[in-house]
Amino acid sequence: MAKPVVVLVGADKGGVGKTTVSRTILDYLAARKIPTRAFDTEWPRGTLKRFHPDITEVVDVTSVADQMKIFDTLETSSAAVTLIDVRAGIMSSTLNALRNIGFLDAGRKGQLTFALFHILGSSIASLDEIAETSHYLADAKYFLVKNFINNTSFFEWDQATYNSYFKQFKDAVEITIPQLSEMAYEQVELVAAPFTNFIANKAANGLPANHSFVLRGYVRHWLENVWSEFDRVKFLDLVGVREGATEATKPRLMKLAEAAAS
Amino acid sequence: MSILSFDDEIEERGYDVRARRDAGGGTGPLYIVCSPRKSVGKTLLARLIAEFYFAHDRPIAAFDLADEGPQLSDFLPDVTTAVELGSMRGQMGFFDRLIGEKHAAKVVDVSHRMFRDFFVIANKIGILEEASRRGIEPIILFLIDPDEKSAGAYSILQRWFAEISLLPVRNQIVSNGIPYWGSFPNESPIHVALEVPLLSASVKNLIAQTSFSFARFQRTQSIGLPVRLDDELRGFIRRVFRQFCEMEQRRMCGDVRGHWSSSP
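Taken in sequence, the protein lines are chains A and B. If you count by our numbering, then the first sequence holds residues 1 to 262, one letter each, in order. If you count by our numbering, then the second sequence holds residues 1001 to 1264, one letter each, in order.
Each hint can be trusted.
Ranges of calculated distance between the beta carbons of each label pair, as one might list FRET restraints:
#1 G14/A to D1147/B: 46 to 54 Å
#2 A204/A to E1163/B: 28 to 36 Å
#3 E1187/B to K69/A: 55 to 63 Å
#4 E186/A to D1057/B: 38 to 46 Å
#5 G1069/B to G15/A: 42 to 50 Å
#6 S123/A to I1173/B: 55 to 63 Å
#7 T176/A to G1093/B: 25 to 33 Å
No lab work stands behind these hints: they were computed from the structure. All values derive from a computational prediction rather than experimental measurement. Ideal Cβ placement from N, Cα and C applies to all residues, glycine included.
Could you put the whole structure together from the sequences, leaning on the hints where they help?
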């Protein structure tokens, strides 16, 4: 049996796009038919659940009961990947809890695969977060995500400073999320559907919709670029490549658009 | 009769450019008239296409991306929509309409200043491929000229829109001496050589009047022009419209040249 894969998406800073990145990962895995479940730690209201209600459960990751719900079921769940969207301010404490329950050790021993998508904000505080976070990770796959979706300029960053931080973690891999037109982004928010549904001109419930082709085109182009980044960093290697899962990103999304047209 | 009284006569004859009927039926194509260079005859070509449809009583919608006059909307105000690509709302209003309405043919006059933006957006959102999927055939009409920038732009469009018909158009005023298949090869399935013939200065002045309509002129016996100029202009319209007819036929029937040449 394949090792369970746990993907944590987090940042201590709020509003840096954790849920957006989680959504792109869920869409990416769904397009490759990789069974995935997600936990939304924006407890009790939830944010990720709005977009992927069928596979997402809202949990209080600080409670032992909910930690059991996530981690004690890794072996028995039918999902190959468990994604946890960690709400702002609790990434360090969550990593701490993972260390305390022996989860990080299990990863180190190769019993499971653990990846962290650390979403960086534009402020210098994000660089300090990297230092703070990295000492938990050891053998985990560490992705540093620079999220430009809202045209973030990372104005406070001095590239030399960033590089000096970045080089401390030889295994860290950088991912860039490009900018998406604000109107297109907001429209998908309003629809509350996966990006792939929006591209395929479908509503959240999968029924045909009437979204603007222009907005769908922008979202498709943007998601192609995001998924290309996932392809580039060989994200699927974590999961174990399956037959049919390696098809390039662009044709996949074009097929969605074509399906919408037909 | 002066050119100013031309409208009255046309109305008496029952021809009204405001009420277009579709005589052809089916799905109208999408013509994109473009060049990265100014003053090569883009607006004239866009006008001629629209007038070709008027002449055949077929519906056409025109879109004007120019930002300096005289522009398409000055000549064809009744059927032309000014387009603003700078905002997302402008793009939605324009591109969504291009593919939303299938019945009428459409002609887009892409000014040299909007050339890059238009095609970058079109490539990004895949609008031309989407039009094709919906049965609206996009045809890019590229006015060629000797500038290297044009040859480079043409080659980029060929690469970006490999599945779309990209046709070089020679305006004889600006492109004399450019070999047809040199820097501007026509690799589209529509093999037709499009040319805007030369005109004398007097006729150029006449057609530069915003009230002038090629279709109305063609349907009228005389507007009081000297015979030489009348003949020249009628010959010009006939020649251009014949090329459009050929393009339409090849578009609808599929070009057979390639099939013949590949037959044993």
